[in-house]
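*Asks:* Construct the entire structure; sequences and hints are all you get.
Here is what each chain is made of, one letter per residue.
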Amino acid sequence: MTPVPVNPPPVPLPRPGDPKVTPALVREHGLSDDEYRRVQDILGREPTYTELGVFSAMWSEHCGYKSSRLVLRGLPTDGPHVLQGPGENAGAVDVGDGYAVVFKIESHNHPSAVEPYQGAATGVGGILRDIFTMGARPIAMLDSLRFGSLDKGRNRYLFDGVVRGIGDYGNCVGIPTVAGEVYFDDAYEANPLVNAMCVGIARADSLVRAVASGVGNPVLAVGSRTGRDGIHGATFASEELGDDTQDSRPQVQVGDPFTEKLLLEATLELLERGLVVAIQDMGAAGVTSSASEMAARGGTGIEIDVARVPVRQAAMTPYEILLSESQERMLLVAEPKNEAAVREVLEKWDLEAEVVGRVTDDGQFRVLEGERLVANIPVTGLVNECPVYDHPALESPAVAELRKSDTRTPAAQDDAAPSRRWRDLLAAPSIASKRWVYEQYDTSVGTRTVRGPGGDAAILRLDGTRRALAMTTDCNGRYVYLNPKRGGMIAVCEAARNLACVGARPLAITNCLNFGNPEKPEIYHQFKEAVGGMGDACRALGTPVTGGNVSFYNESPTGAVYPTPVVGMIGVIEDFDHAVTSGFKVEGDAILLLGAVGGELGGSEYLKAVTGEVTGNAPAVDLESHRRLVELMLSLAEKRWLHSAHDCAEGGLAVALAESAIRDPELSLGFSVDLDPATFPESEDAPLPALLFGETQGRIVVSAEPAAVESIAAEAERVGLPCRRLGSVTAKENGLQIAVGTQVVRLGVEEASSAYYDSIPARMERTGRAEDSG
Amino acid sequence: MRIGVVTFPGSNCDDDARRAVRLVSDEDPVYLWHKSHSLEGVDAVILPGGFSYGDYLRGGAIARFSPLMSEVVEFAESGGYVLGICNGFQMLCEAHLLPGALMKNDTLRFVCKHVRIRVEQTDTPFTCAYEEGRILRTPIAHSEGGYVADAETLDRLEADGRVVFRYVDAGGVASEAANPNGSARNIAGITNERGNVMGMMPHPERAMESILGSTDGMGVFESLMRAASPVVTR
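Order-wise, the sequence lines are chains B and S. Under this note's numbering, residues 388 to 1161 are what the first sequence spells out, in order. Under this note's numbering, residues 760 to 993 are what the second sequence spells out, in order.
Hint data in this document are derived by calculation from the structure and do not stem from the laboratory. Be careful, since some hints might not be right.
[Unchecked claim] Each computed DSS-like pair below joins lysine-lysine, with the alpha-carbon atoms no more than 25 Å apart:
id, chain 1, residue 1, chain 2, residue 2
1, S, LYS872, B, LYS821
2, B, LYS821, B, LYS995
3, S, LYS794, B, LYS735
4, S, LYS794, B, LYS821
[To be verified] Not everything, but these chain S residues come out facing chain B in the computed CB check (under 10 Å):
id, residue
5, ASN771
6, ASP775
7, ALA779
8, TRP792
9, LYS794
10, PHE810
11, HIS873
12, ILE894
13, PRO898
14, HIS901
15, GLU964
16, LEU971
Even for Gly, the Cβ is constructed at its ideal location relative to N, Cα and C.
*Replies:* Shown next, in the form of structure tokens:
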């Protein structure tokens, strides 16, 4: 409840030197006429220049979620194990044994487009702070990345810089980067996507919420000093990228992972000792958002004196201090009796702390510059009355047309040898091994990593228990582009399959919704449909959404990115001895397919390779059978009948089989598989490439002792899913063989390995680190 | 037998080192803080991995000047056992307790993966639990791990049996392909002249449990326990 002030709040006078608020200045701040009128209504007067800046940042798409809020209401956010849903620094779920897992994903797309190294690094820093301010120790990072083609120098430069930025930051703080995905497609040209997810653990009964309370409690600024970097970053994130975007470099912040590590340790120590009332990262919109959001949650007011904020540069104005996005800063509220103890902990970690304000009871966000009042805004108006929009939504007729494209004829007429297509797909950068990336990340620090990158999902043990956590990020933007609703469902389903493949029960998701300009009807259509699809899949699989991030305006002069709603999913393995990995283990093992052979080529990597285009409909997705598939996998994993399990995704069955064979370079094995129409009647009329490379959903390739085949098939029958024997694991010398009728497609193990593992290193060595625009 | 693990600001393998000590010892490791001037009577000191003081200048370059490091140097010079892992190895070189230096990897990139190292010496307090020639699988994770020294120093290290670990391939050959960072003569770990100080780039503390993929690092901590136990009764 917001206390109603008895007297009208004092009015700040224009500050000497500040520009006059004119209609042009209002527009420059990205506020529409209607939005400006609402500002005037909330204040009951004209805003000062400082107040205009504050509203502009808080009502930017990035902070205000004004185009997404209505649509996001359709997502399920509740469940029996949800401890914290959306609205806090991060979401949290109960994973048993008294542990909570705290996790969230966030985008840093625009900064990374301009300055890949710092853009990505500070993205990691920001999401880390969201986790440890909840009282959780970060134990893992994941990264979901999208770039344009590696054939262009500029894209290689962005890719290289982003990977270095993520690595240098996470490695220094000492958080292992354990999973993620990287896709390359022209659609991400000039507007790469850099989404970072962090997972932390806390005691379930000691989660901390950022709620300012206790009138008179001091508010402290902690950590790095405030500089002029990142001013209006939130607004920058809420615009399309233009030709002049390089001029925005000053809006990109610079990261200092060492200070972050100190902040992490100090914060956890403070929270463990119960010394703080509330704490929040000064992230997007800096001190403005952290102060006003903490006050809004607490139904209090808050007063900040910018003259007391430690600054890095002389003569910073209130406007600059309030909107700076300098990194590694936190705002915390403590009780006066604990102030000395708080300072002692911060001093121990060599961190600077200054009292910069106090909690008040008048519901106002009041900003002073020494004696001078420079802003005085009702907290509720600022934080909760940001306008929300339901934009017009209309599917692009061109995309509707694309969906109808004939995908089978190009496959039927493809005269390239299937084995060559197979090899080329293994070398396609979106499919090829990302070892070049993850070897630059510390994946084992913390001694919890049971399985790091390279498999279907990462596995981390839960200290002192038999349980393990599994985590993954997934999204195929092409599917979402062709069929937003299906694409949204597939992103959730693929994540669930990946967790199921390692033997984990999916628990909850966080999402990072990367889209173009929502004011364009075709983009808003994509957004509504994709979120709708995600919601349906989350309900079917029992995985609520506990938070996330929306990133609109991912457009460059060449157009919008593919709609890319990335799913970060968390699951639990009850006993880490039940964990399953993706590589074949033993010669002579039976290979089984759970699910149908299928043969859908819409949006497939194969079709793109053959035609150069992304066409057709996204593969069909059956939510109920996915739910069963997860149950089946869990039961098989628990019985320890499986030697391996691997999801079929981009590149289809042939790529999944090859990956299982060459997963462990020191244990290369071959296989012989027969897609005999007697066993697989659905394969009868499909063109060969469709059978090999089609991306039909809901399929998992498993291997097991031949003696276990009957039991596995019986278990599959019990849940009502097809399970048929594809063939056997063989010695390496046999190579990789798939027979379809009389045709046999064969690839040598060495050839497959070299295509898969050498593709990205070879492309990246081409130009080293040079930035060229080629 | 009390083993102390130092926490510098920016250390991030200190907890992992403590966990490793607990896996081989009944006694809890002693928490040593960089600002302190006391080693609290420990029998051995571990300088853990991480990015002490941010390492923005050069790995270990600032840590060398921390208050506790002067105690560590004194301790080492009087024969106390000191093990430096990764960033700890860099500190030992910076503090001149070990010869040579650790340069940026020849790939100019951070590298993290499992490598193989061969135990070249077993008459050290850090490797006495291993049999000679044993090949260990341990993770590495560093961007400045290329060991360098002048030819004379390298020759002396070899002649005195102070090269303790070397990067090798699966067949045990110290090949160029097996060298992950451009280290001279594939050197992964060395001791000082007296043999009581060792630095190594690989992380034995991350190879202590089969669930994490390897138990081959166990021997380093077992050796230290054996060597530093004041009284051995059987």
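*Asks:* Determine for every hint whether it applies to the structure shown.
*Replies:* Each hint tested on the structure:
{"no.": "1", "hint": "LYS872(S) - LYS821(B)", "in the structure": "holds (13 Å)"}
{"no.": "2", "hint": "LYS821(B) - LYS995(B)", "in the structure": "holds (20 Å)"}
{"no.": "3", "hint": "LYS794(S) - LYS735(B)", "in the structure": "holds (9 Å)"}
{"no.": "4", "hint": "LYS794(S) - LYS821(B)", "in the structure": "violated (41 Å)"}
{"no.": "5", "hint": "ASN771", "in the structure": "holds (2 Å)"}
{"no.": "6", "hint": "ASP775", "in the structure": "holds (5 Å)"}
{"no.": "7", "hint": "ALA779", "in the structure": "holds (8 Å)"}
{"no.": "8", "hint": "TRP792", "in the structure": "holds (9 Å)"}
{"no.": "9", "hint": "LYS794", "in the structure": "holds (8 Å)"}
{"no.": "10", "hint": "PHE810", "in the structure": "holds (4 Å)"}
{"no.": "11", "hint": "HIS873", "in the structure": "holds (8 Å)"}
{"no.": "12", "hint": "ILE894", "in the structure": "violated (13 Å)"}
{"no.": "13", "hint": "PRO898", "in the structure": "holds (5 Å)"}
{"no.": "14", "hint": "HIS901", "in the structure": "holds (9 Å)"}
{"no.": "15", "hint": "GLU964", "in the structure": "holds (7 Å)"}
{"no.": "16", "hint": "LEU971", "in the structure": "holds (6 Å)"}
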